[in-house]
Amino acid sequence: MSSLKLDTKTEANDLIKLFGKSKEQLIPILQEIQKRHGYLPEPLLKELCGLADFSEAELFGVATFYSQFRFTPRGRHPLKVCTGTACHIAGATAIVEALQDELQIKVGETSQDGEFSLETVACLGCCSLAPVLMVRDEAIGQLDPLQMKKTLSRITEQKT
Amino acid sequence: MSAPSPYKIIVGLGSCGIAAGAKNVYRKIEELLVSTPGAAELHTTSCIGMCFCEPIVEVIAPNGARVIYGELDEKKAAIVVEKHILGGEPVGEYSLDLTSPGSGAYAFSKPQKKIVLRNCGVIDPESIEAYMAKGGYKALGTALKMESKAVIDSVKASGLRGRGGAGFTTGLKWQLAAESQAAEKYIICNADEGDPGAFMDRSVLEGDPHSVIEGMLIAGYAMGATKGYIYCRAEYPLAIHRLKIALSQARDKRFLGENILGSKYSFSISIKEGAGAFVCGEETAMIASIEGRRGMPKRRPPFPTQAGLFGHPTSINNVESFANVPWIIENGAEKFSSIGTEKSKGTKVFALAGKISRGGLVEVPMGTTIKEIVEDIGGGSSTGKPLKAIQMGGPSGGCIPASLFHKRIDYDELTATGAIMGSGGMLVMDETTCMVDVAKFFLKFTQEESCGKCTFCRIGTKRMLEILERITSGHGTADDVTIIENLAGMISKGSLCGLGQTAPNPVLTTLKYFREEYIEHIAQKKCRAGVCKPLIRFNITEDCTGCGACVRVCPIKAITGSKKTVHVIDAQACIKCGRCKLKCAFEAIEIQ
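Respectively, the protein sequence lines represent chains A and B.
Using our numbering, the first residue of the first sequence is number 1, and each one after it goes up by one.
Using our numbering, the first residue of the second sequence is number 1, and each one after it goes up by one.
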């Protein structure tokens, strides 16, 4: 417990050293935390506010405004299903439903084994290959709701 | 004695190519070349725009002959390596025919005029030398020899208007920022391409990042700015990666930094990653976001050109606008303004997607008709069903019906239809698209993305969405349409920024051109496109062979029947997911 607290303190100091403490750096700092942890751990955020030029209210105001930030951990393979216009008319809803059935989770949740989490995003810009989903930095196109099991196992194979 | 120069193999690795499997193709070729060292050099490029035949691989023979292969997979790639690279014989059946009229690739490419996309899919985007070999950064040198005012005059004379959507004259914006007296001035490149269905800016950033950087450098010189920001959305990781490489290369070559090219001009650029808020595409919200605040728009005036980022004069221009600038400086304003219509000059890039045979990135001269883009370049409907409309301008834009496809790509002509030029998303819809559903889709988007500052936007869009949900679930009432129209007017008038002001557009344009579909949903509880689930029913016809494939895919086991007899769907239990219809090989499942 105490070692965790120390780590949080060290990390907060480290972040301030890296980015500086000005308010302009708030979003980049949050992005860095999320990159490292996959989400924003609250103890670390509180620690930061004591060191930087932004208040707790400002930090949480910003963190809750932008849809990128999350306060709970994600799965090892975060799935972002595109629900942009092209994907919508190409059947993105069916993809989301098929994934929900396959993983037994709802959008915004993480599967019990911690493997997958499911999110929707407005547009990934791969409209010609709709419907599309993105795992980390890679997009997979021309999805077929009947082939979701195959798609998921392809994802697990690729990343391990 | 030097070895004969080997073949060059160039694999297109844009986001869309990767999504289609280009990385696997790349790895396969890489693997095959290991066993034959020296046979070919392997290179990468970005999206060439022909998304409909990704993954694309170009092979350049030692004698300079080029062959472009489309729709490759690992197997086909292996054949290309074996026959073309090792055997010297191009594989005709996989190559794209760009020269004979009648071929799809020719029809797609011929009518296009590439200014913005001049280097996309041609050069290696991660090499500044490749950009410079195409004349890159020459325009910067030319501009620095001109008076800064002359640069602005030239961009003004070219008639370039903002490609982000609203179409404000770029040169005029620069002039306003130049006239503002301040020690510090900023430039922001708006790369927060948030409109769902638009991917032009992504392709430019992934394919030719230096052209945008050069455009910003010229803009900075013209208005006396010293610092630039590129605000790029976080959903574009590859674009950000390539921008970072490009910026560091430009710094190494001293195009960025102090006393650029020996002049008194100094300029630096940083990247700011967006964090997922559509409203940040609005100028004042973007400024708030860069300053580290919630991205909420402010009242204007003062305009950003007077008091913008950190209170200093700031000019915000779009990616595509910047990419045009070096071309204008190098080729002259006159050449640019000779292209296009009376009030819309140059070219426009469109992201063509939806129910279209040849989707992708197209750049056409202003004045081209919608029909030419959709039918000639895009090859018409991909489903064989007649096209119904196109949607332009995303959540701020509207639907243009097929009866108006003769309209030209021109800011004012498109605005007159109720849609807008927008940033360049062009989504093609056929009979299987429900227009009420499309309107609901966009409204749901704006309602979720509303920052909440203005009451009419925050609550008005929510009420409007509720009405649309009512209509699409079969509970619409006769006066719903009138209520929507009233609300639309109030939301437009009562909102501070473009997001709220234009939020009703998708609803208003579908009401204008497809009113009968709304009436059908309300009065007859019918969705002619078969999209709105509460209004449709899946039914198995006599064509059923009783193979049982549908039974296996049905997630709730609502389909029953014995082998080789016509199956039946339990209409009460059916959740209308549509998987049975997708699975059926005999087209025996219909939507009623």
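These are computed hints drawn from the structure, not numbers from a lab.
Each residue gets a CB set at the ideal place from its N, CA and C atoms; glycine is no exception.
Keep in mind that the hints are not guaranteed to be accurate.
As the list claims (entries may be wrong) - With the C-beta cut set under 8 Å, the calculated list includes, among others, these residues of chain A facing chain B:
| id | residue |
| --- | --- |
| 1 | 20 |
| 2 | 24 |
| 3 | 68 |
| 4 | 139 |
| 5 | 145 |
Verification of the hints:
no. : hint : in the structure
1   : 20   : violated (11 Å)
2   : 24   : holds (5 Å)
3   : 68   : holds (4 Å)
4   : 139  : holds (4 Å)
5   : 145  : holds (6 Å)
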